[in-house]
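Go ahead and model the full structure; you've got the sequences and the hints to work with.
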Amino acid sequence: MRQRSLADWIGLAVMLVISLAAFYPFYSMMIMSTYESNELYTGIKLLPGSYLGENLKTLFSIDFLAFYKNSLIVALSTTVLGVLVSAAAGFAFGKYEFRFKKTLFVMVLVTMMIPMQFGIVAFVLEMRWLGWLNTLLPLIIPPAANAFGVFWMTQFARSTIPGEVLESARIDGCGETGLFFKIVLPFLRPAFVTLGLLFFLWSWNSFFVPLIVLSKDSLYTIPLGIRGLAGQFRADNAAQVLGLTLGTIPVLVFFSIFSKNLIEGLASSAVKG
Amino acid sequence: MSRAAKERRIAPYVFISPFFLIFGAFSLFPILFTLYISLTDWSLGGAPQFIGFGNYAEVLQDSRFYDALFNTVLFMIMIIPPQIIIALFISVLLTNGRVPLVGTFRLVNFLPYITTSVAVGLIFGILFDWNFGSVNVLLAKIGLIKENVNWLGQPWPSRIVVSLVTVWKYFGYTAVMFLVGISGISRQLYEAADLDGASKMQQFRFVTLPMLRPVMVFVILTTMIGCFQIFDEPYMLFTGMGASVVGGPEGAALTGTWLIYDNVFGSLSRFGYGSAIAYVLFLFISMVSFVTFRLMNKGEDA
Numbered sequence: 009m010r011q012r013s014l015a016d017w018i019g020l021a022v023m024l025v026i027s028l029a030a031f032y033p034f035y036s037m038m039i040m041s042t043y044e045s046n047e048l049y050t051g052i053k054l055l056p057g058s059y060l061g062e063n064l065k066t067l068f069s070i071d072f073l074a075f076y077k078n079s080l081i082v083a084l085s086t087t088v089l090g091v092l093v094s095a096a097a098g099f100a101f102g103k104y105e106f107r108f109k110k111t112l113f114v115m116v117l118v119t120m121m122i123p124m125q126f127g128i129v130a131f132v133l134e135m136r137w138l139g140w141l142n143t144l145l146p147l148i149i150p151p152a153a154n155a156f157g158v159f160w161m162t163q164f165a166r167s168t169i170p171g172e173v174l175e176s177a178r179i180d181g182c183g184e185t186g187l188f189f190k191i192v193l194p195f196l197r198p199a200f201v202t203l204g205l206l207f208f209l210w211s212w213n214s215f216f217v218p219l220i221v222l223s224k225d226s227l228y229t230i231p232l233g234i235r236g237l238a239g240q241f242r243a244d245n246a247a248q249v250l251g252l253t254l255g256t257i258p259v260l261v262f263f264s265i266f267s268k269n270l271i272e273g274l275a276s277s278a279v280k281g
Numbered sequence: 634m635s636r637a638a639k640e641r642r643i644a645p646y647v648f649i650s651p652f653f654l655i656f657g658a659f660s661l662f663p664i665l666f667t668l669y670i671s672l673t674d675w676s677l678g679g680a681p682q683f684i685g686f687g688n689y690a691e692v693l694q695d696s697r698f699y700d701a702l703f704n705t706v707l708f709m710i711m712i713i714p715p716q717i718i719i720a721l722f723i724s725v726l727l728t729n730g731r732v733p734l735v736g737t738f739r740l741v742n743f744l745p746y747i748t749t750s751v752a753v754g755l756i757f758g759i760l761f762d763w764n765f766g767s768v769n770v771l772l773a774k775i776g777l778i779k780e781n782v783n784w785l786g787q788p789w790p791s792r793i794v795v796s797l798v799t800v801w802k803y804f805g806y807t808a809v810m811f812l813v814g815i816s817g818i819s820r821q822l823y824e825a826a827d828l829d830g831a832s833k834m835q836q837f838r839f840v841t842l843p844m845l846r847p848v849m850v851f852v853i854l855t856t857m858i859g860c861f862q863i864f865d866e867p868y869m870l871f872t873g874m875g876a877s878v879v880g881g882p883e884g885a886a887l888t889g890t891w892l893i894y895d896n897v898f899g900s901l902s903r904f905g906y907g908s909a910i911a912y913v914l915f916l917f918i919s920m921v922s923f924v925t926f927r928l929m930n931k932g933e934d935a
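Those protein sequence lines, which keep their order, are chains A and X.
Counting with the working numbering, you get residues 9 to 281 for the letters of the first sequence.
Counting with the working numbering, you get residues 634 to 935 for the letters of the second sequence.
If you're looking for bench data, these hints aren't it; they were derived computationally from the structure.
Some hints could be false.
[Unchecked claim] Taking lysine-lysine pairs in the BS3-like style, the calculated list, with each CA pair at most 30 Å apart, reads: (1) A:LYS109 <-> A:LYS190; (2) A:LYS65 <-> A:LYS268; (3) A:LYS110 <-> X:LYS639; (4) A:LYS190 <-> X:LYS774; (5) X:LYS639 <-> A:LYS109; (6) X:LYS639 <-> A:LYS103; (7) A:LYS224 <-> A:LYS53; (8) A:LYS190 <-> A:LYS103; (9) A:LYS190 <-> A:LYS268; (10) A:LYS268 <-> X:LYS833; (11) A:LYS224 <-> A:LYS77; (12) X:LYS931 <-> X:LYS833; (13) A:LYS53 <-> X:LYS779; (14) A:LYS65 <-> A:LYS53; (15) X:LYS774 <-> A:LYS53; (16) X:LYS931 <-> A:LYS109; (17) A:LYS77 <-> A:LYS65; (18) X:LYS931 <-> A:LYS110; (19) A:LYS268 <-> A:LYS103; (20) A:LYS110 <-> A:LYS224.
Here's what the structure looks like:
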């Protein structure tokens, strides 16, 4: 390996400092879940404590497993639905010519910039009319239409699906729906991993909408559920942190496995301004 | 026309319809309907009364609305520059081939983004605790402070904590955007710059930065809009810790989203008024975004 210059060492040092700052609070989260709540407020902790068992007991004294299950149902459903919806729209925008295509695509791009919070009041009223309040549906269906997902699938479909393959399948008598399921979806598979991870993450961590549409304990997702851990004087923070740590682990595992895919997947679609 | 050709003509509309149906029903409709609600006096249980621009007149005299607006602008100033600088640094270091363990660094810097915001609020609340939080202990140990700082009990320290938390959570994601942008820059540009004798710094200044402009515009716009949406972390920071304070100490961390939440779902249930706030903020954010967009593209055309 080439000699490192002074600039390289400085770069490495800055990288280490930033990474440490990124890692420390995350590490603290895991460490905090092994202490008693009162001990959390007694200075810096670097090594695990001995209270993990007790915190687990507290955590399971509320219906933590149900919260976990709700989070899983919501996140997995949204992911599957969202990826399919994005893939279908991306295929259409990337591989067909049709009227209003440009206008519709610009609409998709513009909506990427509009936060849903602006419409939240009407959204909640709509949920009430539909009878969707205190169901998991508002957390599953609406997020499945994600403009970023469509934009991204369009880029991916345009650059990876060869037009000749589609043409020859058509000549063999394949209908358009068959085309999508038999030929397009396999081509888009690498993109599913990346986009699926993002959908899962956004859904798994969402707090604002669940906070507003759910008021029944049995339907709570993890972030809502752990608020119920009240101690005698204040919330049992350590048990809450444990719950959130357990909630972070699946995402952490997915991302450790797929982080290379995620970044390369995003890179391959190269954002065009 | 043959059946196959006909099918092929309608197919794209069929494929985009799930997206546009869901989008229309659950995003577009609420945004338009919110406009109507904002023109009514409507509270829980009651029927809507059309009152024209009454809510808007009230919004423009509401001091809490100006607090939220002011805080949002402050957060933009306090969050965007550090977030972009750190993210640029990381993404350049991860792509220049001079740093070992690229995969590990990449994952570690992405960890904050995958952490649930509720956890983030809770953890930072504990780390920034007035009496025994790690931050005060550390700052006292290295002699930077004589007295403990009441981070979450005073306006400016609270804003600093919220900004720090937000930068911490999102810089990794921003870095990925830049990584994507950098990997799209042609190697030949750097080779040509090398031949012309440009130093690494010059290459960054005259190749990387200009080529990243589209990504930069995207990042700045989305972060600005994100500043309006800040809610989860401060909500946990300031209400999860026992005392329930809307907007943090003296409303120093009150953001647009939090103000809407409080007016409609929190201490009050004023649908009409909350909707009017949403629309004024919507206008404000659109204007700021538009001006920023124009300013950032101006240099390009010249």
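Do the hints match the structure? See the list:
no.	hint	in the structure
1	A:LYS109 <-> A:LYS190	24 Å, holds
2	A:LYS65 <-> A:LYS268	37 Å, violated
3	A:LYS110 <-> X:LYS639	21 Å, holds
4	A:LYS190 <-> X:LYS774	64 Å, violated
5	X:LYS639 <-> A:LYS109	17 Å, holds
6	X:LYS639 <-> A:LYS103	16 Å, holds
7	A:LYS224 <-> A:LYS53	36 Å, violated
8	A:LYS190 <-> A:LYS103	15 Å, holds
9	A:LYS190 <-> A:LYS268	27 Å, holds
10	A:LYS268 <-> X:LYS833	26 Å, holds
11	A:LYS224 <-> A:LYS77	15 Å, holds
12	X:LYS931 <-> X:LYS833	27 Å, holds
13	A:LYS53 <-> X:LYS779	22 Å, holds
14	A:LYS65 <-> A:LYS53	22 Å, holds
15	X:LYS774 <-> A:LYS53	15 Å, holds
16	X:LYS931 <-> A:LYS109	28 Å, holds
17	A:LYS77 <-> A:LYS65	18 Å, holds
18	X:LYS931 <-> A:LYS110	25 Å, holds
19	A:LYS268 <-> A:LYS103	27 Å, holds
20	A:LYS110 <-> A:LYS224	44 Å, violated
In this structure, the hints that do not hold are numbers 2, 4, 7, 20, in rising order.
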